[in-house]
Amino acid sequence: MRPFAYSRPDDVATAVRMATPPMPKAIAPTSAPAQFIAGGTLILDLMKLDTMRPERLVDINGLAPALGAIQSGPHALRLGALVRMSQLADDATVNRDYPVIAQTMQLAAAAQLRNMASLGGNVLQRTRCQYFRDPSWQQCNKRHPGSGCAALGGVNRKHAVLGVSDTCIAEYPGDFAQALVALGASVETQGPAGARTIPFERLHRGPDTPDVETVLNPGELITGFVVPAGPWTRRSAYLKVRDRQSYAFALASAAVALDMDGDTVREARIGLGGVAYRPWRAHEAEAALKGKRLDAATATAAARAAFAGARPHEHNAYKVDLGQRTLVRALLQVGRMEMPA
Amino acid sequence: MPDKDDTLPDEARRALLKGAAAGAAIAPAMVVASPAGAMAAPAAPPGNPHLATVDLTINDRRERVTVDTRTTLLDTLRNHLGLTGSKKGCDHGQCGACTVLVGGRRTLSCLTLATMVREAVTTIEGIATADGMLHPMQQAFIDQDAFQCGYCTPGQIVSAIACVREGHARSDDEIREYMSGNLCRCAAYPHIVAAINQAKTQMEKA
Numbered sequence: 029m030r031p032f033a034y035s036r037p038d039d040v041a042t043a044v045r046m047a048t049p050p051m052p053k054a055i056a057p058t059s060a061p062a063q064f065i066a067g068g069t070l071i072l073d074l075m076k077l078d079t080m081r082p083e084r085l086v087d088i089n090g091l092a093p094a095l096g097a098i099q100s101g102p103h104a105l106r107l108g109a110l111v112r113m114s115q116l117a118d119d120a121t122v123n124r125d126y127p128v129i130a131q132t133m134q135l136a137a138a139a140q141l142r143n144m145a146s147l148g149g150n151v152l153q154r155t156r157c158q159y160f161r162d163p164s165w166q167q168c169n170k171r172h173p174g175s176g177c178a179a180l181g182g183v184n185r186k187h188a189v190l191g192v193s194d195t196c197i198a199e200y201p202g203d204f205a206q207a208l209v210a211l212g213a214s215v216e217t218q219g220p221a222g223a224r225t226i227p228f229e230r231l232h233r234g235p236d237t238p239d240v241e242t243v244l245n246p247g248e249l250i251t252g253f254v255v256p257a258g259p260w261t262r263r264s265a266y267l268k269v270r271d272r273q274s275y276a277f278a279l280a281s282a283a284v285a286l287d288m289d290g291d292t293v294r295e296a297r298i299g300l301g302g303v304a305y306r307p308w309r310a311h312e313a314e315a316a317l318k319g320k321r322l323d324a325a326t327a328t329a330a331a332r333a334a335f336a337g338a339r340p341h342e343h344n345a346y347k348v349d350l351g352q353r354t355l356v357r358a359l360l361q362v363g364r365m366e367m368p369a
Numbered sequence: 593m594p595d596k597d598d599t600l601p602d603e604a605r606r607a608l609l610k611g612a613a614a615g616a617a618i619a620p621a622m623v624v625a626s627p628a629g630a631m632a633a634p635a636a637p638p639g640n641p642h643l644a645t646v647d648l649t650i651n652d653r654r655e656r657v658t659v660d661t662r663t664t665l666l667d668t669l670r671n672h673l674g675l676t677g678s679k680k681g682c683d684h685g686q687c688g689a690c691t692v693l694v695g696g697r698r699t700l701s702c703l704t705l706a707t708m709v710r711e712a713v714t715t716i717e718g719i720a721t722a723d724g725m726l727h728p729m730q731q732a733f734i735d736q737d738a739f740q741c742g743y744c745t746p747g748q749i750v751s752a753i754a755c756v757r758e759g760h761a762r763s764d765d766e767i768r769e770y771m772s773g774n775l776c777r778c779a780a781y782p783h784i785v786a787a788i789n790q791a792k793t794q795m796e797k798a
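Heads up: the protein sequence lines correspond to chains P and G, in order.
Our numbering applies: residue 29 is where the first sequence begins, and numbers increase by one.
Our numbering applies: residue 593 is where the second sequence begins, and numbers increase by one.
No wet-lab data here; the hints were simulated from the structure.
Each residue gets a CB set at the ideal place from its N, CA and C atoms; glycine is no exception.
Hints should not be assumed to be uniformly reliable.
What the hints assert, rightly or not - Below 20 Å or equal to it, Euclidean Cα-Cα: the simulated DMTMM-like pairs (lysine to aspartate or glutamate) are:
| hint | chain 1 | residue 1 | chain 2 | residue 2 |
| --- | --- | --- | --- | --- |
| 1 | P | Lys53 | P | Asp239 |
| 2 | P | Lys76 | G | Asp660 |
| 3 | G | Lys680 | G | Glu717 |
| 4 | G | Lys680 | P | Asp78 |
| 5 | P | Lys76 | G | Asp683 |
| 6 | P | Lys320 | P | Asp289 |
| 7 | P | Lys53 | P | Asp236 |
| 8 | P | Lys320 | P | Glu342 |
| 9 | P | Lys318 | P | Asp271 |
Unchecked claim - Simulated coverage check for chain P against chain G, where a stretch passes if three residues somewhere in it have a Cβ under 8 Å from a Cβ of chain G:
| hint | segment |
| --- | --- |
| 10 | 32-45 |
| 11 | 64-73 |
| 12 | 134-146 |
If we strip away everything but chain G, and leave its shape as in the complex, we get:
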């Protein structure tokens, strides 16, 4: 179980850390997460062109958020929906730590505006089964010791799953080429290749 505060939006967490609960305006986006169907969240106030109400499907859950038009999918996930698994590395589309699946395609959530998303999103939080059984790729990263600090790992795993599904994991060279958008400053690369090879076999059997 994560620490309770970790589930709060960043703004709220910061406000709590500052001890500013009394009277401090905790005003992240208006968020209503609901099971499929009922959606009762407020729409963007009319007349403000810089706000947008966005309907997203994240890990099979429907979410409605009202955000500044500038808000990336990454910031929406992390700051407004409490899904902090996707990491912010460079925030410029260079490191791959923010990789999620949009419509099944691996996508950089830091260079995607939340308002532009029309297809279902899968993040690292949606990879394991509901009863907590790890995805073969997650298990392979553990088995093969495919990370050290772990910061790039959510992006690596999401990207690696797509790499196998695309059919771009047929050799070590091909894995290296098609995983080149995910940087690892600990340089766990050889172990990442081994993990993808391990998971590939299981994913193909499944």
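Next comes chain P alone, as it looks inside the complex:
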């Protein structure tokens, strides 16, 4: 690991000022000289690998009094950026009213990591692509724009099939983001230009600029998330398929929330994980289900619509099939959920 300076501000404005470079627009946020650290589970791993090389770490754990709360109200669920994953996993209200969110926490990582990792850092976790993580690979458009992509012709069993390009096929590995994208959440930030609210679906960018992963500016800090309440949030679940039963990233996953009128789908909200370049909302599948009776045939048709644009590579073609089966199972499971009167 390379040397860095460390500071621990007490308020958001100071944290933002400490992390803002002199010319913010000229740098990809992940390459900025100053980086925020909360749980440390992502950035210290990548710094040990020499994949990230910040010169300064701004420890934001001192902001927990302002950014550490879970607040459930009649219109929305508000989640502070410094809420820990284990805190959200065990929250009784979230388990009852937004089970898909609680389940993305319970099925992610392992107990120690969930105690450490913050929600803000969680959505910014970086791909598990081994050609990105290991800087001894010369070709990686995320690390060196224009250098090429070693995964295209390499071992790409775990890579993405949706939203990929010829410059990058890295998978977005997270679970929480799939619930946020499905439920139409938004992200609140504070940055050099002030505070703003970004629809979660627009937080992550596509693969045309693999080195710039989000629309955040250097020095811009995620302060929280707002999940709108809706008739679909209680009838929701997260299904995650992995190589191991626990403590593994998704090969395919589905975050599903349904508003039902008897057997008929009034509205479906679907996020897909493990298969896409970024948090992925399956709009085509949602549209295919709207107003339909939910059964194996309509669920299968929706899943087919979700993967119609899939672009598999040598070792990950199985994800097209696995992803569809995962979504079908999740839809039928959520459709069968018994709701309290």
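With the hints as your guide, set chain G onto chain P.
What follows is chain G alone, placed relative to chain P:
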């Protein structure tokens, strides 16, 4: 009693092993361990942004160390404070061998910077009582033969204690899920589950 050399910081131990005592610069972190209260250790030299003076409470003892900002809690424990019970397995937060409690929560000390720690730390060395009576979880690991090589065991035991305290040891399946962050290459898993079940009963009675 551990061998005396085992209590030395790694750098010092290596220097001794090399027979380089004469004139060799043995310069680990400046460490002053003291009973509660008196803390007279030197602070980080001013002007060097890459050094930090850290006040830690480890197993109810207050410690002050001056370390490179890069130093993890794990390396601080092992190399600067002589607490080598917490193990370095992967050093990337994947194996759980370095698990300690920070503020009572199980935490990976290899992905925690020493400078970030504000709450009390409990390591495997602080689990037994002062008079040497083993914690029920330690005794259960012995009774149930829950290890072979033993390298992952300190992390397993610390993690298992937290697992029971969290209320996540209600069934074998739940134990397996909530202990999945502690890998055992000897695959003693069935015995680890048995040990946690045994200790759980005693911990709940206590």
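Tested hints:
1. P:Lys53 / P:Asp239: Roughly 14 Å separates the two Cα atoms, so the pair holds.
2. P:Lys76 / G:Asp660: 15 Å, holds
3. G:Lys680 / G:Glu717: 15 Å, holds
4. G:Lys680 / P:Asp78: Within the cut-off at roughly 19 Å; holds.
5. P:Lys76 / G:Asp683: Holds, at about 9 Å.
6. P:Lys320 / P:Asp289: 10 Å, holds
7. P:Lys53 / P:Asp236: Roughly 18 Å separates the two Cα atoms, so the pair holds.
8. P:Lys320 / P:Glu342: Outside the cut-off at roughly 36 Å; violated.
9. P:Lys318 / P:Asp271: Violated, because 33 Å separates the two Cα atoms, which is more than 20 Å.
10. 32-45: holds (count 4)
11. 64-73: holds (count 6)
12. 134-146: That given contact holds, which follows from 7 residues of the segment 134-146 of chain P lying within Cβ reach (below 8 Å) of chain G.
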